[in-house]
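K.L.:
Chains as they are written, first to last, in the working numbering: chain S, 1 to 322; chain L, 1 to 362; chain H, 1 to 356.
These are calculated hints, taken from the structure and not from any lab test.
None of these values were measured; they are calculated from a predicted model.
It is possible that some hints are incorrect.
[What the hints assert, rightly or not] No farther apart than 35 Å at their CA atoms in a straight line, the calculated lysine-lysine pairs in the DSBU-like style are these:
no.	chain 1	residue 1	chain 2	residue 2
1	L	Lys359	H	Lys177
2	L	Lys184	S	Lys216
3	S	Lys128	L	Lys74
4	L	Lys184	L	Lys54
5	L	Lys113	S	Lys238
6	S	Lys236	L	Lys111
7	H	Lys312	L	Lys177
[Said to hold, decoys possible] Per the computed footprint, the stretches of chain L lying under chain S, defined by three or more beta-carbons under 8 Å from a beta-carbon of chain S, are:
no.	segment
8	78-85
9	144-156
No residue lacks a Cβ here, since even glycine has one placed at the ideal position from N, Cα and C.
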Amino acid sequence: MSNVDDTAKPVASGTVEKTDSHFHAYGKNRLGLYLTLPAQILVLFIALFPLLMQLYISLTDWTPLTGVRWPQAYQLWSGLANYADLLDDDRFYGALWRTFFIIIVAVPIEFFLGLAMALLFMDEFPAKRLFYSALLVPMMIVPAVAGYMFFLLFQSGGPINQLLSLALGTKVAISWLSDPDLALAAVIISDIWQWTPLMFLILLAGLLGVPSEQLKAATLLGASPWQRFLTILLPKIKAIMVIALAIRTIELFKIFDTLYIMTAGGPGVATETISVFIFKITTQELVWGYVAALALLILFTLSVIAGLAMYFLQRKKREVAA
Amino acid sequence: MSDIRLENLTKRFGSFTAIENMNLHIRDGEFLALLGPSGCGKSTTMNIIAGMEKPTEGKVHFGDREVSRVPMGKRGVGFVFQNYAIFTHMTVRQNLEYGLRMNGLPAEERKRKANEMASFMELTSMLEKPTAGLSVNILQRIAIGRSAVLEPAIFLLDEPLSNVDAAFRSVMRYELKQLQRRFKQTMVYVTHDQLEAMTMADRIAVMDQGVLQQIGTPLEVYNNPANVFVANFIGAPGMNLLEGSLVSEGDRLFVNFAELQQKIELPESLATATQAVKSRDVVFGFRPEEVELDTQPGGLTLPATFLERIGARTILHLGKDVCEVKAVFENDVEVMLDSQVAFRPAMGSERLFEAASGKRIS
Amino acid sequence: MASIVFENVTKAFGDTLAVDNVSFEIKDNEFFCFFGPPLSGKTTILRLMLGLDSPDSGDIYIDGQKVTQLGAAERNMAMVFQNLALFPHMTALDNIRFPLVERRIPEPQIRAKVEEASDKLHIKHILHKPPAQLSGGERQRVAIARALVRDPVAYLMDDPISALDARLREETRVELKRIQREIGHTLVYVTHDQEEAMSVADRMAILKDGHVEQIGTPIEIYDQPANSYVAALLGAPRINLFNVEEHGKTWTAGDGLLDLQSENVPLGTKRIGLRPENLKIRDRSDKDLGEPAQVVSVEPLGGFTVVSVARKDNANEVFRAMLRGQPQIDVGTEVALGWDPSSMLFFDEGDRAISI
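Whole structure, please, built from the sequences with the hints as guidance.
P.N.:
Here it is as structure tokens:
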């Protein structure tokens with residue numbers, strides 16, 4: 001806001017005339033690209049180097065214990081054997097399936113809960129700010145702490161069972177974390193508790209961006225709340241929904257800390273996800289080439305998810321522009 | 001029947017009173033302009049009629065039905081927002097059909113009605129276009145058409161012309177009038193532009209600081225303003241208002257302007273009317289269009305300070321600040337700036353107001 | 001303090017010519033107005049003048065000096081923003097001092113400059129007040145004082161009062177003109193309100209699609225428009241424009257209601273223009289021959305009344321007449337039309353005015 005009399009700012013006048021900012025921006029971008037090129041190359045190298053290294057190692061049976069320095073890993077060349085092993089590994093498929101299962105169950109629940117709360121928060125109600133702050137607390141807790149918290153909560157003599165006992169009137173002693181089926185449920189519940197607020201926050205931002213006049217106009221034209229949601233809100237926050245879903249899907253694919261503290265992937269492999277699987281085989285079995293192959297596969301999967309989301313957003317943008 | 005009655009309407013926002021004890025009857029099929037400066041409470045009044053805000057006290061009736069507690073979606077009023085609130089993710093047709101669709105009309109009928117409205121609003125050629133990127137003039141037509149297609153008995157417009165360019169305004173004014181002739185709605189129109197109100201409205205309700213000042217036909221409020229606020233707000237320029245005090249000399253009654261050290265005689269009708277008021281402090285008013293340049297004694301003299309020629313009209317500014325008088329002429333006037341100009345209000349055009357209350361003496 | 005000259009200036013954005021071969025000269029101490037519909041190039045011209053954009057071709061001169069390649073900072077022009085942009089939390093004085101304090105000018109010099117500016121603008125008595133306590137006119141003066149202390153060569157204003165209420169706009173524009181006369185600087189003003197433009201401008205330029213259509217004093221342009229576009233842009237209600245109808249040897253216009261036989265119609269006239277205030281309406285008497293006309297609408301606006309008239313049968317054209325006062329005329333009355341021959345405007349095939 002300094003120097004308002006100065007000449008340096010275009011005026012936003014009532015009658016919008018075409019300015020050249022777009023064209024200028026284009027020219028400047030070009031120049032900007034040249035100026036930042038060295039830095040860009042450096043960043044590219046930093047990102048590309050580990051990737052290439054990983055690719056290289058994934059084609060060998062190299063581990064630090066072999067006594068060979070990694071650049072000489074070609075001495076242990078194994079070709080695509082790691083990939084072949086991977087595709088034959090039932091433990092890998094199990095971990096992959098469990099990861100997807102957690103995503104398929106947790107993300108939609110988080111999404112709908114978050115959306116419902118966000119819709120609730122569009123209206124005024126008493127103590128709204130207090131609720132708002134309270135809702136964001138779970139997200140701010142360090143995942144490891146959250147994991148430990150849930151570990152305590154879900155003990156067979158823990159608070160959750162005590163609450164259930166009180167509610168049902170009989171003694172309940174469910175061994176949440178040691179029953180293979182329930183352990184996964186406990187993990188999912190903890191994730192929902194911790195990450196629904198993020199969904200809520202992103203979706204609320206989207207909803208608040210919808211012009212309130214349009215909602216009022218729709219109401220005055222006879223639209224019911226449900227119709228307003230379907231015809232105005234939903235189309236307007238589609239893009240942000242995709243972003244929210246993509247973020248949570250990618251994040252959840254990497255779920256590790258909370259889960260590892262709660263169950264360490266157990267009992268057995270009942271809650272072993274891809275990340276836990278990688279952690280275990282890296283630290284316990286030390287098959288680095290195998291891990292590298294696995295990591296690349298995951299990277300590929302996540303890229304596909306992100307790519308799909310990007311594609312959807314781009315198409316949306318084109319529709320708006322057309 | 002859809003007349004609108006506002007009964008003892010009061011609206012407070014915290015300690016701020018937006019509307020104070022307002023009583024207003026808007027007749028069925030009438031075109032009423034709610035006119036006033038920004039912040040006078042006209043938009044709040046409109047929002048209460050539409051149900052977007054709840055009155056702190058008082059009632060709203062549509063015909064025989066009290067609607068004070070009816071939510072906005074159920075009141076069945078058409079509303080055009082100042083920024084039009086077009087659904088930008090839909091095509092023109094989808095916008096026009098929106099209300100019909102929400103009310104469950106079959107597709108065939110929706111299409112027919114939208115086509116009809118499109119041709120009335122001259123939107124046919126762009127029906128299938130997305131609304132993003134259309135000009136303001138067109139967005140406004142869509143906004144009006146989108147509400148009008150539901151044929152609401154009550155149609156509310158919140159300064160719909162303030163964003164469109166001048167040339168288009170007069171077209172739109174004409175079309176709004178046509179629209180009303182066709183559907184016979186009760187139309188309420190919020191504006192701060194007195195000319196717009198004068199051209200379009202059957203009656204004008206003038207508001208200031210949350211209080212209804214006067215309601216009447218355009219000519220009523222122009223000719224017989226209820227108080228100094230209305231006198232000054234209506235007309236371009238507004239009425240000339242000079243503060244003075246009543247002085248009698250024999251059986252003649254004068255208004256003495258202390259600052260000017262001049263006085264002017266009151267016509268008999270006004271002199272009689274002053275008998276009903278106690279205070280001698282008055283405001284003397286006359287329309288700029290009713291000023292006659294006249295060197296005969298008995299008028300006033302002020303220096304010419306400014307001359308505006310706007311097309312056919314010439315506005316002559318005389319005096320300054322509280323003693324400023326404007327005179328409007330239809331053609332050029334031969335007046336030198338800074339020269340003394342003698343003038344008088346045309347016979348019968350004088351108006352007198354109480355200085356303290358601002359009310360007109362009649 | 002400066003004249004501003006544009007010489008064949010062109011500026012395109014992509015395929016659109018925003019400013020198309022525009023030339024004009026704004027004289028020293030002149031109140032110069034650019035007027036035209038949206039997208040006619042007004043704002044682009046201001047930006048070129050300020051140095052925010054540079055022209056594709058053509059040159060710009062300030063006080064005879066070529067400044068085409070100079071940036072905004074080197075041109076020393078002051079832009080007064082829409083709604084004046086005063087800081088609400090500062091007093092008028094601090095608002096005016098602000099640009100000087102920002103530039104770290106020594107205190108005695110700041111005082112002298114503020115003193116001089118507030119003297120010129122007669123605002124000494126209100127310097128202690130915050131903007132909220134000032135009237136519209138006073139705010140205008142403070143905003144201009146803030147620009148004035150920097151000694152700019154010219155002031156540029158882009159629709160500075162368009163956001164105000166109609167009533168306030170009328171007062172503010174007069175105030176603005178008074179201030180400009182008092183301080184005597186070049187002031188370039190952009191507006192989309194024809195009344196405002198005619199009221200304030202010493203001279204004005206009418207723009208259309210990036211072209212200058214006409215430059216002159218408001219009165220010149222109003223009375224002798226260069227073409228029918230300009231004629232229609234100025235004046236409210238709009239000028240009546242009718243095509244000339246030829247019937248063998250007789251000429252009429254406006255559904256035959258205007259008999260041009262006795263008029264001195266110049267050769268090549270295709271359209272005629274008649275301003276509403278020059279169209280007279282009187283009762284039809286038995287002596288009136290020709291087509292009967294009928295009143296279709298009456299809009300009493302207080303000081304004057306707009307009466308629309310059309311041919312009784314088979315009406316295509318509507319005549320609008322502006323009558324002084326509040327005459328009693330009913331819709332449906334049969335009337336006869338009159339006009340002052342000298343007030344009629346003639347346009348040729350290309351809609352250019354034909355001077356007589």
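K.L.:
In terms of beta carbon proximity below 8 Å, does the segment 78-85 of chain L have 3 or more residues touching chain S?
P.N.:
holds (count 5)
K.L.:
Given the hint that Lys128(S) pairs with Lys74(L), does the C-alpha gap stay at or below 35 Å?
P.N.:
Holds, at about 27 Å.
K.L.:
Please verify whether Lys312(H) and Lys177(L) have alpha carbons no more than 35 Å apart.
P.N.:
Given pair Lys312(H), Lys177(L) holds - Cα atoms ~21 Å apart, limit 35 Å.
K.L.:
Please verify whether Lys184(L) and Lys54(L) have alpha carbons no more than 35 Å apart.
P.N.:
holds, 27 Å
K.L.:
Going straight from one Cα to the other, do Lys359(L) and Lys177(H) come out at no more than 35 Å?
P.N.:
Between Lys359(L) and Lys177(H) the Cα gap is close to 34 Å, so the pair holds against 35 Å.
K.L.:
Given the hinted pair Lys113(L) and Lys238(S), is their Cα-Cα distance within 35 Å?
P.N.:
holds, 30 Å
K.L.:
Take a quick look at whether Lys236(S) and Lys111(L) sit within 35 Å of each other, Cα to Cα.
P.N.:
holds, 24 Å
K.L.:
Quick one, are Lys184(L) and Lys216(S) close enough, alpha carbons at most 35 Å?
P.N.:
With a Cα-Cα distance of about 24 Å, the restraint between Lys184(L) and Lys216(S) holds, given a limit of 35 Å.
K.L.:
Check whether three or more residues of the segment 144-156 of chain L sit with their beta carbon closer than 8 Å to a beta carbon of chain S.
P.N.:
n = 3 at 8 Å, threshold three: holds.
Of the hints listed earlier, there is not a single one the structure fails to meet.
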